[in-house]
Amino acid sequence: MDKLTACRILGLDESAGRTEIREAYAELSKKYHPEEHPEEFQQIHEAYQTLIRSAGRGGNAARGTGHMGRGARSAEEDSAARPVEEETSVHSADGAEEDGSGETERDVRTERTAAQKQREPAGAEQPEDDGLDFDSAVSAAQQREQEQLHETVLKAVAEMKILLGPQYKYKLRLFREFFKKEEYQTALKTSEFMEAFADELKKTELKGIIYDYIIDYYRLKSVDRRQIHKGAGMLYDLLDQRRGIMKKRLGAQAFAIPAGAAVALRIVLRNAYRANRAVGVLFWCALAVIALVWLGRKLYENHSGIFAQFVTALILAVSQFFAVMFDFYAPAFGVDDGTMVAVTVMMLGVAWMIVLAVAAVVSKMKSVAKRK
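According to the working numbering, the sequence shown is numbered sequentially starting from 16.
For the record, the hints were derived by calculation from the structure and aren't laboratory data. Accuracy of the hints is not assured; some may be wrong.
Derived BS3-like pairs (lysine-lysine); straight-line CA-CA distance at most 27 Å [stated by the list, open to error]:
| no. | residue 1 | residue 2 |
| --- | --- | --- |
| 1 | K170 | K195 |
| 2 | K222 | K186 |
| 3 | K196 | K222 |
| 4 | K176 | K46 |
| 5 | K218 | K176 |
| 6 | K46 | K170 |
Here are the in silico distance ranges between beta carbons for each label pair [stated by the list, open to error]:
| no. | residue 1 | residue 2 | range |
| --- | --- | --- | --- |
| 7 | K381 | K46 | 38 to 46 Å |
| 8 | A375 | D231 | 45 to 53 Å |
| 9 | T359 | F193 | 22 to 30 Å |
| 10 | E192 | M355 | 29 to 37 Å |
| 11 | E166 | D231 | 24 to 32 Å |
| 12 | K381 | K313 | 22 to 30 Å |
| 13 | E55 | L189 | 36 to 44 Å |
| 14 | L189 | L164 | 20 to 28 Å |
Small disclaimer: the values here were computed from a predicted structure and weren't measured. From the three backbone atoms N, C-alpha and C, an ideal C-beta is built for every residue, glycine too.
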(Lines of atoms letter the chains of each structure in order from A and count residues from 1; the text may use other names and numbers.)
(Lines give C-alpha, C1' and ligand atoms only; values in the text may rest on other atoms or scores of the structure.)
Protein backbone atom coordinates (compact mmCIF):
# COMPACT_ATOMS: atom_id res chain seq x y z
CA MET A 1 0.00 0.00 0.00
CA ASP A 2 1.43 3.42 -0.96
CA LYS A 3 1.64 6.35 1.42
CA LEU A 4 -1.00 8.47 -0.35
CA THR A 5 -3.60 5.69 -0.12
CA ALA A 6 -2.71 5.08 3.53
CA CYS A 7 -3.18 8.78 4.33
CA ARG A 8 -6.56 8.76 2.60
CA ILE A 9 -7.74 5.72 4.58
CA LEU A 10 -6.70 7.22 7.93
CA GLY A 11 -7.83 10.71 6.94
CA LEU A 12 -4.42 12.31 7.50
CA ASP A 13 -2.06 14.67 5.70
CA GLU A 14 1.21 13.35 4.31
CA SER A 15 3.05 15.42 6.92
CA ALA A 16 1.28 13.74 9.87
CA GLY A 17 3.54 12.59 12.70
CA ARG A 18 3.58 9.30 14.60
CA THR A 19 1.31 10.61 17.35
CA GLU A 20 -1.35 11.71 14.86
CA ILE A 21 -1.09 8.38 13.07
CA ARG A 22 -1.61 6.44 16.30
CA GLU A 23 -4.57 8.58 17.32
CA ALA A 24 -6.27 8.17 13.94
CA TYR A 25 -5.64 4.41 14.02
CA ALA A 26 -7.08 4.06 17.54
CA GLU A 27 -10.16 6.08 16.63
CA LEU A 28 -10.92 4.10 13.47
CA SER A 29 -10.26 0.78 15.25
CA LYS A 30 -13.04 1.63 17.68
CA LYS A 31 -15.39 2.63 14.86
CA TYR A 32 -14.71 -0.40 12.65
CA HIS A 33 -14.91 -3.44 14.91
CA PRO A 34 -12.63 -6.24 13.55
CA GLU A 35 -15.40 -8.80 13.97
CA GLU A 36 -18.10 -6.70 12.34
CA HIS A 37 -15.94 -5.00 9.67
CA PRO A 38 -12.97 -7.34 9.05
CA GLU A 39 -12.08 -5.94 5.62
CA GLU A 40 -12.23 -2.30 6.68
CA PHE A 41 -10.22 -3.02 9.82
CA GLN A 42 -7.55 -4.85 7.81
CA GLN A 43 -7.19 -1.86 5.46
CA ILE A 44 -6.91 0.49 8.42
CA HIS A 45 -4.20 -1.68 9.97
CA GLU A 46 -2.22 -1.88 6.72
CA ALA A 47 -2.47 1.88 6.31
CA TYR A 48 -1.24 2.34 9.87
CA GLN A 49 1.75 0.05 9.31
CA THR A 50 2.61 1.88 6.08
CA LEU A 51 2.54 5.34 7.65
CA ILE A 52 4.40 4.24 10.80
CA ARG A 53 7.21 2.77 8.70
CA SER A 54 7.28 5.90 6.54
CA ALA A 55 7.39 8.11 9.62
CA GLY A 56 10.28 6.01 10.99
CA ARG A 57 12.28 6.42 7.78
CA GLY A 58 11.57 10.14 7.77
CA GLY A 59 12.85 10.41 11.35
CA ASN A 60 16.06 8.58 10.48
CA ALA A 61 16.65 10.88 7.49
CA ALA A 62 16.14 13.92 9.67
CA ARG A 63 18.62 12.60 12.16
CA GLY A 64 21.13 12.02 9.36
CA THR A 65 20.95 15.62 8.11
CA GLY A 66 20.84 17.41 11.40
CA HIS A 67 18.88 18.37 14.48
CA MET A 68 18.02 21.66 16.18
CA GLY A 69 20.89 22.90 18.28
CA ARG A 70 23.41 20.55 16.64
CA GLY A 71 23.93 22.10 13.20
CA ALA A 72 24.18 20.47 9.77
CA ARG A 73 26.60 17.63 9.16
CA SER A 74 28.81 17.67 6.12
CA ALA A 75 29.42 14.84 3.72
CA GLU A 76 32.94 14.46 5.11
CA GLU A 77 31.54 13.97 8.64
CA ASP A 78 29.12 11.33 7.35
CA SER A 79 31.98 9.57 5.64
CA ALA A 80 33.98 9.73 8.86
CA ALA A 81 31.13 8.12 10.74
CA ARG A 82 31.12 5.06 8.47
CA PRO A 83 34.62 3.61 8.79
CA VAL A 84 33.42 1.23 11.45
CA GLU A 85 31.06 -0.30 8.94
CA GLU A 86 33.69 -0.55 6.19
CA GLU A 87 36.63 -1.97 8.13
CA THR A 88 38.35 -4.92 6.54
CA SER A 89 38.11 -8.17 8.48
CA VAL A 90 40.74 -10.84 8.74
CA HIS A 91 40.49 -14.33 10.04
CA SER A 92 42.31 -15.41 13.17
CA ALA A 93 43.95 -18.76 13.60
CA ASP A 94 40.95 -20.25 15.39
CA GLY A 95 38.55 -19.22 12.57
CA ALA A 96 37.05 -16.15 14.32
CA GLU A 97 36.58 -13.12 12.08
CA GLU A 98 38.50 -10.11 13.43
CA ASP A 99 39.08 -6.53 12.23
CA GLY A 100 42.36 -4.63 12.13
CA SER A 101 42.32 -3.82 15.84
CA GLY A 102 41.72 -7.45 16.84
CA GLU A 103 38.08 -6.96 17.71
CA THR A 104 35.56 -9.57 16.66
CA GLU A 105 32.72 -8.70 14.31
CA ARG A 106 30.24 -9.03 17.21
CA ASP A 107 32.12 -6.38 19.16
CA VAL A 108 32.10 -4.10 16.12
CA ARG A 109 28.33 -4.47 15.76
CA THR A 110 27.88 -3.74 19.47
CA GLU A 111 29.94 -0.56 19.25
CA ARG A 112 28.13 0.51 16.08
CA THR A 113 24.74 0.08 17.80
CA ALA A 114 25.93 2.04 20.82
CA ALA A 115 27.20 4.82 18.55
CA GLN A 116 23.87 5.01 16.76
CA LYS A 117 22.02 5.28 20.07
CA GLN A 118 24.31 8.10 21.16
CA ARG A 119 23.51 10.00 17.95
CA GLU A 120 19.73 9.70 18.64
CA PRO A 121 18.07 12.89 19.95
CA ALA A 122 17.16 12.76 23.61
CA GLY A 123 13.41 12.70 23.03
CA ALA A 124 13.37 10.46 19.93
CA GLU A 125 10.81 7.66 19.94
CA GLN A 126 11.99 4.12 19.35
CA PRO A 127 10.25 1.99 16.67
CA GLU A 128 7.59 -0.20 18.16
CA ASP A 129 6.52 -3.70 17.34
CA ASP A 130 3.39 -2.55 15.63
CA GLY A 131 2.36 -6.13 14.84
CA LEU A 132 1.14 -6.48 18.40
CA ASP A 133 -1.47 -3.75 17.90
CA PHE A 134 -3.60 -5.93 15.62
CA ASP A 135 -3.54 -8.91 17.99
CA SER A 136 -4.38 -6.71 20.94
CA ALA A 137 -7.25 -5.08 19.09
CA VAL A 138 -8.68 -8.46 18.03
CA SER A 139 -8.36 -9.84 21.56
CA ALA A 140 -10.06 -6.79 23.04
CA ALA A 141 -12.81 -6.99 20.42
CA GLN A 142 -13.44 -10.66 21.20
CA GLN A 143 -13.65 -9.89 24.90
CA ARG A 144 -16.14 -7.09 24.26
CA GLU A 145 -18.19 -9.38 22.05
CA GLN A 146 -18.33 -12.05 24.75
CA GLU A 147 -19.42 -9.48 27.32
CA GLN A 148 -22.15 -8.18 25.01
CA LEU A 149 -23.35 -11.73 24.30
CA HIS A 150 -23.50 -12.47 28.04
CA GLU A 151 -25.59 -9.35 28.62
CA THR A 152 -27.95 -10.36 25.80
CA VAL A 153 -28.33 -13.83 27.31
CA LEU A 154 -29.24 -12.34 30.70
CA LYS A 155 -31.82 -10.09 29.03
CA ALA A 156 -33.33 -13.02 27.13
CA VAL A 157 -33.53 -15.14 30.29
CA ALA A 158 -35.28 -12.32 32.15
CA GLU A 159 -37.86 -11.96 29.36
CA MET A 160 -38.40 -15.71 29.25
CA LYS A 161 -39.13 -15.74 33.00
CA ILE A 162 -41.93 -13.25 32.35
CA LEU A 163 -43.36 -15.41 29.54
CA LEU A 164 -43.39 -18.45 31.83
CA GLY A 165 -45.57 -16.58 34.32
CA PRO A 166 -49.22 -17.68 34.83
CA GLN A 167 -50.66 -14.81 32.79
CA TYR A 168 -48.57 -15.46 29.66
CA LYS A 169 -47.59 -19.12 29.57
CA TYR A 170 -50.70 -20.18 27.62
CA LYS A 171 -50.02 -17.85 24.69
CA LEU A 172 -48.13 -19.57 21.89
CA ARG A 173 -48.12 -16.30 19.93
CA LEU A 174 -45.90 -14.65 22.56
CA PHE A 175 -43.41 -17.52 22.49
CA ARG A 176 -43.25 -17.33 18.70
CA GLU A 177 -42.55 -13.60 18.85
CA PHE A 178 -39.83 -14.14 21.46
CA PHE A 179 -37.99 -16.83 19.48
CA LYS A 180 -38.15 -14.74 16.29
CA LYS A 181 -36.46 -11.63 17.73
CA GLU A 182 -33.33 -10.81 15.74
CA GLU A 183 -31.41 -9.50 18.75
CA TYR A 184 -31.72 -12.87 20.52
CA GLN A 185 -30.92 -15.29 17.68
CA THR A 186 -27.29 -15.84 18.72
CA ALA A 187 -27.98 -15.79 22.46
CA LEU A 188 -30.85 -18.32 22.26
CA LYS A 189 -28.51 -21.00 20.90
CA THR A 190 -25.80 -20.59 23.52
CA SER A 191 -25.30 -23.20 26.20
CA GLU A 192 -25.69 -20.51 28.86
CA PHE A 193 -29.22 -19.57 27.76
CA MET A 194 -30.41 -23.13 27.08
CA GLU A 195 -29.24 -24.25 30.51
CA ALA A 196 -31.04 -21.34 32.21
CA PHE A 197 -34.13 -21.97 30.05
CA ALA A 198 -34.23 -25.63 31.09
CA ASP A 199 -34.00 -24.63 34.77
CA GLU A 200 -36.93 -22.23 34.37
CA LEU A 201 -39.04 -24.79 32.50
CA LYS A 202 -38.71 -27.19 35.42
CA LYS A 203 -40.70 -24.75 37.56
CA THR A 204 -43.80 -24.62 35.37
CA GLU A 205 -46.00 -26.58 32.98
CA LEU A 206 -46.73 -25.48 29.43
CA LYS A 207 -49.22 -26.60 26.83
CA GLY A 208 -48.20 -29.37 24.49
CA ILE A 209 -48.22 -27.15 21.41
CA ILE A 210 -45.72 -24.78 23.06
CA TYR A 211 -43.40 -27.67 23.87
CA ASP A 212 -43.73 -28.80 20.25
CA TYR A 213 -42.82 -25.32 19.01
CA ILE A 214 -39.68 -25.23 21.19
CA ILE A 215 -38.66 -28.68 19.94
CA ASP A 216 -39.11 -27.55 16.34
CA TYR A 217 -37.22 -24.27 16.92
CA TYR A 218 -34.13 -26.05 18.25
CA ARG A 219 -34.59 -28.95 15.78
CA LEU A 220 -34.14 -31.42 18.59
CA LYS A 221 -35.75 -34.24 16.61
CA SER A 222 -32.78 -34.33 14.24
CA VAL A 223 -29.89 -34.03 16.73
CA ASP A 224 -27.81 -36.71 18.39
CA ARG A 225 -28.16 -36.37 22.15
CA ARG A 226 -24.56 -37.48 22.66
CA GLN A 227 -23.08 -34.73 20.49
CA ILE A 228 -24.71 -31.58 21.85
CA HIS A 229 -23.41 -29.18 24.50
CA LYS A 230 -24.47 -29.20 28.14
CA GLY A 231 -27.26 -26.61 27.92
CA ALA A 232 -28.82 -28.24 24.85
CA GLY A 233 -28.61 -31.62 26.57
CA MET A 234 -30.47 -30.36 29.65
CA LEU A 235 -33.20 -28.84 27.48
CA TYR A 236 -33.41 -32.00 25.37
CA ASP A 237 -33.89 -34.24 28.41
CA LEU A 238 -36.57 -31.99 29.92
CA LEU A 239 -38.60 -31.68 26.71
CA ASP A 240 -38.27 -35.39 26.06
CA GLN A 241 -39.63 -36.07 29.54
CA ARG A 242 -42.49 -33.58 29.23
CA ARG A 243 -43.51 -34.17 25.63
CA GLY A 244 -41.53 -37.00 24.06
CA ILE A 245 -39.32 -35.58 21.35
CA MET A 246 -39.44 -38.52 18.95
CA LYS A 247 -43.16 -39.21 19.45
CA LYS A 248 -45.20 -38.64 16.30
CA ARG A 249 -48.23 -36.37 16.54
CA LEU A 250 -50.89 -35.14 14.21
CA GLY A 251 -51.02 -31.37 13.87
CA ALA A 252 -52.96 -29.31 11.38
CA GLN A 253 -53.13 -32.31 9.05
CA ALA A 254 -55.53 -33.97 11.50
CA PHE A 255 -58.10 -31.35 10.52
CA ALA A 256 -56.98 -30.84 6.93
CA ILE A 257 -57.79 -34.45 6.03
CA PRO A 258 -61.41 -34.34 7.24
CA ALA A 259 -61.86 -30.93 5.63
CA GLY A 260 -60.58 -32.25 2.32
CA ALA A 261 -62.86 -35.26 2.59
CA ALA A 262 -65.79 -32.97 3.29
CA VAL A 263 -65.04 -30.89 0.20
CA ALA A 264 -64.83 -34.02 -1.93
CA LEU A 265 -68.10 -35.24 -0.47
CA ARG A 266 -69.66 -31.89 -1.26
CA ILE A 267 -68.66 -32.18 -4.91
CA VAL A 268 -70.01 -35.71 -5.18
CA LEU A 269 -73.29 -34.90 -3.52
CA ARG A 270 -73.83 -31.50 -5.11
CA ASN A 271 -76.47 -32.83 -7.43
CA ALA A 272 -77.97 -34.99 -4.72
CA TYR A 273 -78.33 -31.91 -2.52
CA ARG A 274 -80.68 -30.36 -5.00
CA ALA A 275 -82.86 -33.47 -4.97
CA ASN A 276 -82.65 -34.17 -1.29
CA ARG A 277 -82.22 -31.28 1.16
CA ALA A 278 -81.61 -33.72 4.02
CA VAL A 279 -78.18 -34.60 2.58
CA GLY A 280 -77.32 -30.91 2.41
CA VAL A 281 -78.27 -30.38 6.06
CA LEU A 282 -76.05 -33.25 7.18
CA PHE A 283 -73.22 -31.95 5.03
CA TRP A 284 -73.33 -28.49 6.59
CA CYS A 285 -73.48 -30.05 10.06
CA ALA A 286 -70.26 -31.91 9.29
CA LEU A 287 -68.58 -28.69 8.14
CA ALA A 288 -69.78 -26.91 11.29
CA VAL A 289 -68.20 -29.59 13.50
CA ILE A 290 -64.88 -29.31 11.65
CA ALA A 291 -64.98 -25.50 11.96
CA LEU A 292 -65.67 -25.68 15.70
CA VAL A 293 -62.76 -28.09 16.23
CA TRP A 294 -60.43 -25.84 14.24
CA LEU A 295 -61.59 -22.74 16.15
CA GLY A 296 -61.07 -24.48 19.48
CA ARG A 297 -57.53 -25.42 18.51
CA LYS A 298 -56.65 -21.88 17.39
CA LEU A 299 -58.01 -20.46 20.63
CA TYR A 300 -56.00 -23.03 22.57
CA GLU A 301 -52.78 -21.76 20.98
CA ASN A 302 -53.02 -18.42 22.78
CA HIS A 303 -55.38 -19.06 25.69
CA SER A 304 -55.95 -21.62 28.41
CA GLY A 305 -57.75 -24.86 27.59
CA ILE A 306 -60.73 -23.87 29.75
CA PHE A 307 -61.16 -20.57 27.92
CA ALA A 308 -60.85 -22.19 24.47
CA GLN A 309 -63.45 -24.84 25.30
CA PHE A 310 -65.80 -22.30 26.89
CA VAL A 311 -65.84 -20.14 23.75
CA THR A 312 -66.41 -23.22 21.57
CA ALA A 313 -69.33 -24.37 23.76
CA LEU A 314 -70.82 -20.88 23.71
CA ILE A 315 -70.73 -20.72 19.90
CA LEU A 316 -72.28 -24.19 19.72
CA ALA A 317 -75.14 -23.24 22.04
CA VAL A 318 -75.87 -19.98 20.20
CA SER A 319 -75.82 -21.70 16.80
CA GLN A 320 -78.34 -24.27 18.00
CA PHE A 321 -80.60 -21.51 19.28
CA PHE A 322 -80.78 -20.09 15.75
CA ALA A 323 -81.28 -23.62 14.39
CA VAL A 324 -84.41 -23.88 16.54
CA MET A 325 -85.63 -20.46 15.42
CA PHE A 326 -85.30 -21.24 11.69
CA ASP A 327 -86.07 -25.00 11.74
CA PHE A 328 -82.68 -25.78 10.29
CA TYR A 329 -82.94 -29.55 10.90
CA ALA A 330 -86.50 -29.87 9.59
CA PRO A 331 -85.53 -31.08 6.07
CA ALA A 332 -83.52 -33.93 7.56
CA PHE A 333 -85.49 -34.88 10.69
CA GLY A 334 -88.82 -33.16 10.33
CA VAL A 335 -90.00 -30.13 12.25
CA ASP A 336 -90.56 -31.76 15.64
CA ASP A 337 -87.57 -34.08 15.58
CA GLY A 338 -85.35 -31.34 14.15
CA THR A 339 -86.35 -28.99 16.94
CA MET A 340 -85.62 -31.74 19.49
CA VAL A 341 -82.13 -32.28 18.00
CA ALA A 342 -81.32 -28.57 18.11
CA VAL A 343 -82.55 -28.15 21.68
CA THR A 344 -80.58 -31.21 22.83
CA VAL A 345 -77.35 -29.96 21.29
CA MET A 346 -77.95 -26.47 22.73
CA MET A 347 -78.47 -27.87 26.25
CA LEU A 348 -75.30 -29.93 25.93
CA GLY A 349 -73.42 -26.77 25.04
CA VAL A 350 -74.86 -24.92 28.06
CA ALA A 351 -74.02 -27.84 30.39
CA TRP A 352 -70.48 -27.87 28.98
CA MET A 353 -70.10 -24.15 29.77
CA ILE A 354 -71.29 -24.68 33.37
CA VAL A 355 -68.75 -27.46 33.93
CA LEU A 356 -65.98 -25.30 32.51
CA ALA A 357 -66.97 -22.34 34.69
CA VAL A 358 -66.77 -24.54 37.80
CA ALA A 359 -63.37 -25.88 36.68
CA ALA A 360 -62.11 -22.31 36.19
CA VAL A 361 -63.18 -21.32 39.72
CA VAL A 362 -61.50 -24.38 41.24
CA SER A 363 -58.29 -23.69 39.29
CA LYS A 364 -58.29 -20.09 40.49
CA MET A 365 -58.73 -21.14 44.12
CA LYS A 366 -55.83 -23.59 43.84
CA SER A 367 -53.63 -20.87 42.38
CA VAL A 368 -54.45 -18.49 45.23
CA ALA A 369 -53.79 -21.24 47.80
CA LYS A 370 -50.33 -21.90 46.32
CA ARG A 371 -49.39 -18.21 46.57
CA LYS A 372 -50.27 -18.19 50.26
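Hints violated by the structure (listed by number, smallest first): Per hint list: 4, 7, 8, 9 and 10 violated.
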